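Number of protein chains: 2
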Amino acid sequence: MLSTYSTADKVLLALDCIIFGFDQHELKILLIKRDFEPEKGKWSLIGGFLKRTETLDEAANRILQHLSGLDDIYLEQLYTFSEVDRDPGERTLSTAYYALINSENHKQVANGAYSAQWFNIKEAPSLIFDHGQMVEKAILRLRRRAVTKPIGFELLPEKFTMLQLQKLYEAILDEKLDKRNFINKVNALDILIKLDEKDMTSSRKGSYLYQFDKQKYDQKIEEGFTFKL
Amino acid sequence: MLSTYSTADKVLLALDCIIFGFDQHELKILLIKRDFEPEKGKWSLIGGFLKRTETLDEAANRILQHLSGLDDIYLEQLYTFSEVDRDPGERTLSTAYYALINSENHKQVANGAYSAQWFNIKEAPSLIFDHGQMVEKAILRLRRRAVTKPIGFELLPEKFTMLQLQKLYEAILDEKLDKRNFINKVNALDILIKLDEKDMTSSRKGSYLYQFDKQKYDQKIEEGFTFKL
DNA sequence: TCAAAAGTGTTATCTTTACACCCATGA
DNA sequence: TCATGGGTGTAAAGATAACACTTTTGA
Chain A
1 MLSTYSTADK VLLALDCIIF GFDQHELKIL LIKRDFEPEK GKWSLIGGFL
51 KRTETLDEAA NRILQHLSGL DDIYLEQLYT FSEVDRDPGE RTLSTAYYAL
101 INSENHKQVA NGAYSAQWFN IKEAPSLIFD HGQMVEKAIL RLRRRAVTKP
151 IGFELLPEKF TMLQLQKLYE AILDEKLDKR NFINKVNALD ILIKLDEKDM
201 TSSRKGSYLY QFDKQKYDQK IEEGFTFKL
Chain B
1 MLSTYSTADK VLLALDCIIF GFDQHELKIL LIKRDFEPEK GKWSLIGGFL
51 KRTETLDEAA NRILQHLSGL DDIYLEQLYT FSEVDRDPGE RTLSTAYYAL
101 INSENHKQVA NGAYSAQWFN IKEAPSLIFD HGQMVEKAIL RLRRRAVTKP
151 IGFELLPEKF TMLQLQKLYE AILDEKLDKR NFINKVNALD ILIKLDEKDM
201 TSSRKGSYLY QFDKQKYDQK IEEGFTFKL
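Protein chains in written order, with UniProt numbering: chain A, 1 to 229; chain B, 1 to 229.
Do not rely on the hints blindly, as some may be mistaken.
A pair counts as met if it fits within one copy or between any two copies, since identical chains are not told apart.
Unchecked claim - With a straight-line cut-off of 20 Å between C-alpha atoms, the simulated SDA-like cross-links for lysine to any residue are: (1) Lys107 to Asp23; (2) Lys51 to Leu12; (3) Lys149 to Ile101; (4) Lys51 to Ala8; (5) Lys40 to Ser6; (6) Lys10 to Arg52; (7) Lys137 to Glu123; (8) Lys159 to Glu170; (9) Lys137 to Glu76; (10) Lys179 to Leu192; (11) Lys51 to Tyr5; (12) Lys33 to His66; (13) Lys228 to Arg144; (14) Lys167 to Arg180; (15) Lys33 to Tyr5; (16) Lys42 to Tyr5; (17) Lys137 to Thr148; (18) Lys33 to Thr4; (19) Lys137 to Lys149; (20) Lys51 to Val11; (21) Lys137 to Asp57; (22) Lys228 to Leu140; (23) Lys194 to Gln166; (24) Lys10 to Glu90; (25) Lys10 to Asp87; (26) Lys42 to Thr4; (27) Lys10 to Arg62; (28) Lys137 to Gly224; (29) Lys107 to Tyr74.
Worth flagging that the hints you see were computed from the coordinates, not collected in a lab.
Since this is a predicted model, take the numbers as computed values, not measurements.
Could you build all of it, start to finish, from the sequences and the hints given here?
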């Protein structure tokens, strides 16, 4: 029998976080200048190593918090990358996690103590190792999630206009959507509260503000409703 | 900076394979009696440990081959499980892989040198550690894949009847399908060759045999066709 | 001649897409 | 009064779902 604990190899297990951000206009990605060899000074995902005493989910959050200050972000596991020579430094596997956050609410990551920086997803520099591959896979997953879970709604300002919501989806899906069809679809979901308030900054007429109705959404989910945008 | 190779913990990384089988009637799962402590003698997924010199994909195939004799099976990575106490023996993470194969063509796994055994998916014994969770997740993934990729077609006999194909999908999706709608849908995909030959074993009238047209399928994929059953 | 499974189409409903004009307002 | 973005509905096309009778043939 080949499987016994004592004879098995132990390996380094890294984590890399693909953090997507949205700021009312475009999809961004959070990158960091790697500060150790090899590839020191090159752009990379936010990453670190798993500790023996934590789960991957915990490690992903710890690393993200440590390198960007971002706290309490919902990270989802993407895939574990394992090419033998993916990291020329040492034999390392890496489990990738991703999240989508409001990059306007988290500008500080790019200033403070952290050397993390937001890049437009289309203008991001090339990345070390297999990080480019990770990002590609994460984008595909993000798109699937976006139409399947209301991940979008939660990262707009608390009150938002339909156009803002649409722009968000357009940025994630990287395609233009039809205004009327989009609104009809969203309204059919019946999980938004239309406020009396208007946002007057964008036009003379002003546009109504909406709020995500989490209660209603959760209840619908309980009842077997499936979000499909 | 927290991330340097030398100070990072190394961990044991296991692999567990969820092997689904189909035998013209029902969906099965391949399990094995664990032959080392802890939980020796209990039913478990086919598993082993990653070696430093191989990728996860390679390890999954090696382990599967070694414990079941199954060779050249397409395994897809599912998820990496990392609860700290998931394996009471030692701190171990496990990356789960899954595959769907024709269990009739692979009866030997249950006989030969291997103690692997096929169980009806609904009658499988409870499993060690978090293997039950792995199986659940794999079933969900398998269902998504089945309607998105023609995974089914490839594991029927080379020539098969529509009813066989339908039974396969019914077993995977665990729901009854409408005969006419199913046939119409499959025919609309236009990736089967209808043979002149009939299968006379199932009825007086006999039913036409079909073949999966891989050439045609591959070409359609190139042209941007998306399989959707 | 009949039992058993195979084969076959149509209709109703729902979903998706395409598309264009009026509205309200502040400057 | 006009320029700007906001708001609104419908019709056509396509996809999905429901549904039942006739055919073949070996026993």
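Against the structure, the hints:
In this assembly of identical chains, Lys107 and Asp23 lie within 20 Å of each other by CA distance solely inside one copy; the values are 10 Å within and 56 Å between copies. Proximity of Lys51 to Leu12 under the C-alpha cut-off of 20 Å is found in both arrangements, the shortest distances being 10 Å within a copy and 12 Å between copies. In this homomeric assembly, Lys149 and Ile101 come within 20 Å of each other (Cα to Cα) only inside a single copy, at 14 Å, whereas the closest approach across copies is 32 Å. Proximity of Lys51 to Ala8 under the C-alpha cut-off of 20 Å is found in both arrangements, the shortest distances being 18 Å within a copy and 7 Å between copies.
When the C-alpha separation of Lys40 and Ser6 is checked against a cutoff of 20 Å, the pair qualifies only between copies, where the shortest distance is 16 Å, while the shortest distance within a copy is 35 Å. For a Cα distance limit of 20 Å, the shortest separation of Lys10 from Arg52 qualifies both inside one copy, at 11 Å, and across copies, at 7 Å. In this assembly of identical chains, Lys137 and Glu123 lie within 20 Å of each other by CA distance solely inside one copy; the values are 17 Å within and 36 Å between copies. In the homo-oligomer, the alpha carbons of Lys159 and Glu170 lie at most 20 Å apart inside one protomer (19 Å), although the nearest pairing across protomers, at 45 Å, exceeds that limit.
Taking the closest pair of Cα atoms, Lys137 and Glu76 come within 20 Å of each other both inside a single copy (13 Å) and across two copies (15 Å). Only within a single protomer do Lys179 and Leu192 lie at most 20 Å apart by alpha-carbon distance; the minimum there is 17 Å, versus 40 Å between protomers. Proximity of Lys51 and Tyr5 under a CA criterion of 20 Å is satisfied in both settings, with 18 Å inside one chain copy and 12 Å between copies. Taking CA atoms no more than 20 Å apart as the test, Lys33 paired with His66 passes inside one copy only; the shortest distance there is 14 Å, against 43 Å between copies.
In this homomeric assembly, Lys228 and Arg144 come within 20 Å of each other (Cα to Cα) both inside a single copy, at 10 Å, and across copies, at 15 Å. Only within a single protomer do Lys167 and Arg180 lie at most 20 Å apart by alpha-carbon distance; the minimum there is 13 Å, versus 42 Å between protomers. In the homo-oligomer, the alpha carbons of Lys33 and Tyr5 lie at most 20 Å apart only across protomers (17 Å), although the nearest pairing inside one protomer, at 37 Å, exceeds that limit. In this homomeric assembly, Lys42 and Tyr5 come within 20 Å of each other (Cα to Cα) only across copies, at 17 Å, whereas the closest approach inside a single copy is 37 Å.
When the C-alpha separation of Lys137 and Thr148 is checked against a cutoff of 20 Å, the pair qualifies both within a copy, at 17 Å, and between copies, at 17 Å. In this homomeric assembly, Lys33 and Thr4 come within 20 Å of each other (Cα to Cα) only across copies, at 14 Å, whereas the closest approach inside a single copy is 40 Å. For the homomeric pair Lys137 and Lys149, the shortest alpha-carbon distances inside one copy (18 Å) and between copies (18 Å) are both at most 20 Å. Taking identical chains as interchangeable, the C-alpha atoms of Lys51 and Val11 lie at most 20 Å apart whether they share a chain (12 Å) or sit on different chains (8 Å).
In this homomeric assembly, Lys137 and Asp57 come within 20 Å of each other (Cα to Cα) both inside a single copy, at 19 Å, and across copies, at 17 Å. Taking CA atoms no more than 20 Å apart as the test, Lys228 paired with Leu140 passes in both settings, with 16 Å inside one copy and 18 Å between copies. Taking CA atoms no more than 20 Å apart as the test, Lys194 paired with Gln166 passes inside one copy only; the shortest distance there is 15 Å, against 46 Å between copies. Taking the closest pair of Cα atoms, Lys10 and Glu90 come within 20 Å of each other both inside a single copy (12 Å) and across two copies (12 Å).
Taking CA atoms no more than 20 Å apart as the test, Lys10 paired with Asp87 passes in both settings, with 16 Å inside one copy and 15 Å between copies. Taking the shortest Cα distances, Lys42 and Thr4 sit within 20 Å of each other only across copies (16 Å), while inside one copy they are farther apart (40 Å). Taking identical chains as interchangeable, the C-alpha atoms of Lys10 and Arg62 lie at most 20 Å apart only when they sit on different chains, with a minimum of 18 Å there against 22 Å within one chain. Taking identical chains as interchangeable, the C-alpha atoms of Lys137 and Gly224 lie at most 20 Å apart only when they sit on different chains, with a minimum of 19 Å there against 29 Å within one chain.
For the homomeric pair Lys107 and Tyr74, the shortest alpha-carbon distance inside one copy (18 Å) is at most 20 Å, but the shortest distance between copies (44 Å) is not.
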